[in-house]
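K.L.:
Below, each chain spelled out in residue letters.
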Amino acid sequence: MTETLNAAWAVAWIRRAQVVLAENRMELIDLDRAIGDGDHGENMDRGFKAVVAKLDAGETEVSGVLKLVAATLMSTVGGASGPLYGTAFLRAAKAAEGDLDSNGVVAVIAGALEGIVARGKATTGEKTMVDAWTPALAAAQEAAAAGIGPAGAFRAAANAAQAGAEATIPMQATKGRASYLGERSIGHQDPGATSTALILTAAADTAEAV
Amino acid sequence: MTETLNAAWAVAWIRRAQVVLAENRMELIDLDRAIGDGDHGENMDRGFKAVVAKLDAGETEVSGVLKLVAATLMSTVGGASGPLYGTAFLRAAKAAEGDLDSNGVVAVIAGALEGIVARGKATTGEKTMVDAWTPALAAAQEAAAAGIGPAGAFRAAANAAQAGAEATIPMQATKGRASYLGERSIGHQDPGATSTALILTAAADTAEAV
Amino acid sequence: MKKLINDPANVVAETLAGFQAAHADLVTVHFDPDYVVRADAPVKGKVGLVSGGGSGHEPLHAGYVGKGMLDAAVPGAVFTSPTPDPILEATKAVDGGAGVLHIVKNYTGDVLNFETAAELAEMDGITVKAVVVNDDVAVEDSLYTAGRRGVAGTVLLEKIAGAAADRGDDLDTVLAVAEKVNAQVRSMGVALSACTVPHAGKPSFDLGEDEIEIGIGIHGEPGRHRIPMAPADSITDQLVDPILTDLKPASGSKVLLFVNGMGGTPESELYIVYNHARKRLEDAGLEVTRSLVGNYITSLEMQGCSITVLLLDDELTALWDAPVNTPALRRGV
Amino acid sequence: MKKLINDPANVVAETLAGFQAAHADLVTVHFDPDYVVRADAPVKGKVGLVSGGGSGHEPLHAGYVGKGMLDAAVPGAVFTSPTPDPILEATKAVDGGAGVLHIVKNYTGDVLNFETAAELAEMDGITVKAVVVNDDVAVEDSLYTAGRRGVAGTVLLEKIAGAAADRGDDLDTVLAVAEKVNAQVRSMGVALSACTVPHAGKPSFDLGEDEIEIGIGIHGEPGRHRIPMAPADSITDQLVDPILTDLKPASGSKVLLFVNGMGGTPESELYIVYNHARKRLEDAGLEVTRSLVGNYITSLEMQGCSITVLLLDDELTALWDAPVNTPALRRGV
Ligand SMILES: Nc1ncnc2c1ncn2[C@@H]1O[C@H](COP(=O)(O)OP(=O)(O)O)[C@@H](O)[C@H]1O
Ligand SMILES: Nc1ncnc2c1ncn2[C@@H]1O[C@H](COP(=O)(O)OP(=O)(O)O)[C@@H](O)[C@H]1O
Ligand SMILES: [Mg+2]
Ligand SMILES: [Mg+2]
Ligand SMILES: [Mg+2]
Ligand SMILES: [Mg+2]
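Chains as they are written, first to last, in our numbering: chain X, 1 to 210; chain C, 1001 to 1210; chain B, 2001 to 2333; chain Z, 3001 to 3333.
Be aware that a few hints might be false.
Stated by the list, open to error - Estimated spans, in silico, between C-beta atoms of each pair:
1) Z:Ala3183 - B:Ala2250: 54 to 64 Å
2) Z:Leu3143 - X:Pro170: 16 to 26 Å
3) X:Ala145 - Z:Asp3170: 49 to 59 Å
4) Z:Glu3140 - B:Phe2031: 41 to 51 Å
5) Z:Ala3284 - B:Asn2010: 18 to 28 Å
6) Z:Glu3209 - B:Ala2318: 43 to 53 Å
7) Z:Asp3210 - B:Glu2140: 40 to 50 Å
8) B:Asn2010 - Z:Ile3227: 21 to 31 Å
In short, the hints are calculated from the structure, not lab data. None of the values given here were measured: they were computed from a predicted structure. Backbone N, C-alpha and C define an ideal beta-carbon position, used for all residues, glycine too.
Produce the complete structure using the sequences and hints provided.
P.N.:
If you want it as structure tokens, here you go:
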């Protein structure tokens, strides 16, 4: 394990995220069928396939990789998650300076969350991807403060995101399409929070493999 | 048992036919679903309900009863069976002179068959109601020739019609809507032949009860 | 069976009541017997056009009543030909002194009931001619069938004959135009699912999850054969091929291509079928100069479609393009 | 899943290809990014109208491109809002120098993507205003939802705003007309069956044989509550009541009544619903002076319908009646 995560890692992360999202396409569709319109798995799969098709192995900066991801997601995903993930990766790219140490990981996750909130105006407890990114950020900050390296910071973030996604189950949605269901949104896991956990887990997996 | 069947019997016959057709409405629909458009039971039920609503208990002639049946079926059944049964009862009415002895029964059945063939241009073996009326006529003629009374003539006709209806099962339809199915019409009993058997059985049942 | 109805026995009457209220500017509905005439019927001196048949094919026929198309439509019970009485009344109501053309789809029931009505109308001094539409190539026109069925070509014929009557053609000329359309139009249909007639309460046939019916009519009858589900292009081929085989259009011919939905198929799928059908016609050297895509003659909520090809000449094209103002087809007015 | 498609990934592209071929006289389709503009775009000096959203609602929006209605439509993937790029390109393509109005249905995805496109267009020097349609009374417009959805009222708004642009109104005036329509229109829908998104391959929700969903949107989302199947009149009441409660129209008001099919419901059933809905409005002292009945904004092959009531005044009535010439709505031309 190295001390910092570089552009090659970022490329590996996004490739891994694409594989995982493709594998979980139907699961995400089913989650979205329950409280939304059933396209989240298809949207993420389409977007990340497009990203991977454009990933330039010669990209030398983490920031550059994330910017490419942002632009491609914005122009291929559509729906609510397209602009939200697009802005997330755009702000993450802005936040990433050079290779990432654990503070860099915190900055990237903080940038992503900030972007999502800026666009989507959601806060925690509204049953959205914010409920995965928020605990992820807290966990990464805690890990960084404890002197844990970037891979460990991503692992802590991923685990927290996964727990955050699961914690959306009892929530009633008040943002996004699921809010139309009122109380009927209770009892289902939010698709966007779930894809967030998958993406951060891919980051941790690839960071640990560096 | 009397020697002849009068207008009161004719009214009883048609009332009985209405009850039996209503009871077999769904069976006739299912037969027509298999090789047609699924309306024969509904058509016959609608038509005979309308007939019964108009049946004038004061009608003194068999012929008058049958004429009323003809006009009402013609104006309420629609589809192929409306004009066919309408014409059948019209010609039967024309053939009925006074009360019916067994020769009268033969005349009535012969008139009905003639009317159906005149309108529908079908011959035996085409998987239509002609395949019930034709053996019915032959059986009635045989009974009359053997000196059997009108109730017995109707019974013989009804049994033959029932056998004729069943004999349509292996036939390939070449007339009516079922002909569109080609070989796929084979293996199903013709709905119109089946309703014919029901109507003639009602005639026999009520004649025996006179 | 889940349907937006109150009582199966009242489906036609309540539909007509709603239709009347929604389209009072264009049509007048008569009840008991039920028929629909254009609001300004009879049009003096114009040949009257009357069509009809079982209900369940909406917008056919009532949706095509209005200037430039039908003068009257006679709806029977669902999938059941109307009786002679309302046909007769409709015929009388639209006779403007120039005679009446009956447009009859070729089904034993429709033919018999329209024939009877025509006889009765003639007794009332109205000249009636009839065209019997039989465009469905799924059925062989042979001694061993009741002849080819009348299906989606009926819509095109009603429009074109209606335009001929509208421009002032006499009865024989309108009949000749109608006969020409009938001679030059062919259709073939496919069902992905059955439909449920309200009074029957169950699907008209049972189809497996991966089966479709090729060569269906418009009354929920089973088709000519059942095949496994296939991609749209392959299904389209199986509809286009028999049409071309039967119609044998000369290369370079101009045609109208009509892709019709059976009622339960999204419009997007109809355009996918249209796209491939058009390519097939162009590959066969035909020029598609007019098109119609949508739900124009349906089988309740059946999923599926039909493809219709009409050979055009200048006259038919002009009549197709002529103004029409009906609830379901409107252009140029 | 049985659909007349080839590959779920190509549904939108093949639909557009067919649409282009069938309606080349009215529209031009651009591919990659995908958008549809009227054949004579941009119309110099006229405010351009751009709408769009996920596909699967056909004929919305592409079917409404043409004189008197939309200048461009931007179709996303099925039930997925389009991305900013094609919205931007469509906006550029229809800008005739008088600015462009974006007609956006209120969904998080549509709003975000249209906002981004509008920002980018402004950077290119095009003035863009937006109206966000939110007519669905099934959803409370509160802090606890993403606000009311935009559903069938969108069709009426596109027609009326299109007429305003067509008569030469400037951008602010067209926007004001659009805002007025949005303020005066309310809708509510019901599903008798779910729909199947091609890429999902299974129904959007599972409904029992005797259950229906009240308060659905147009994306196959489950509705507000599930009730046992009921007669059409009772279902109609459950759609009309919340509309009247929310809209609170003054007695004597003139209204347009729009009964819209979700794609898989026979037209006859829509007229049955219309018939009862109209009675209910008349009982409430309203005068139904305009009507629309048919499949105008669908959810693929879903069975069900929505009811929309628009309060009319003389201006809106005149704009509704104005000529329109699009693939799916045509009158007066
Ligand atoms: N306002 C919002 N803020 C944050 N996340 C949101 C918001 N609205 C929706 N989301 C997220 O987007 C996800 C749905 O994405 P997707 O299904 O791709 O788009 P759509 O809802 O347009 O179909 C939800 O599960 C939720 O996590
Ligand atoms: N040409 C014909 N001659 C005699 N009977 C016929 C003919 N065509 C149809 N039929 C009879 O009519 C029956 C169908 O009647 P029905 O279902 O009520 O009318 P439709 O076929 O118009 O739906 C068939 O089962 C057959 O017995
Ligand atoms: Mg979604
Ligand atoms: Mg039948
Ligand atoms: Mg029938
Ligand atoms: Mg979506």
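K.L.:
Give a verdict on every hint.
P.N.:
Evaluated hints:
no., hint, verdict
1, Z:Ala3183 - B:Ala2250: 54 to 64 Å, "holds (59 Å)"
2, Z:Leu3143 - X:Pro170: 16 to 26 Å, "holds (20 Å)"
3, X:Ala145 - Z:Asp3170: 49 to 59 Å, "holds (58 Å)"
4, Z:Glu3140 - B:Phe2031: 41 to 51 Å, "holds (42 Å)"
5, Z:Ala3284 - B:Asn2010: 18 to 28 Å, "holds (24 Å)"
6, Z:Glu3209 - B:Ala2318: 43 to 53 Å, "holds (51 Å)"
7, Z:Asp3210 - B:Glu2140: 40 to 50 Å, "holds (42 Å)"
8, B:Asn2010 - Z:Ile3227: 21 to 31 Å, "holds (22 Å)"
Every hint from the earlier list agrees with this structure, and none is contradicted.
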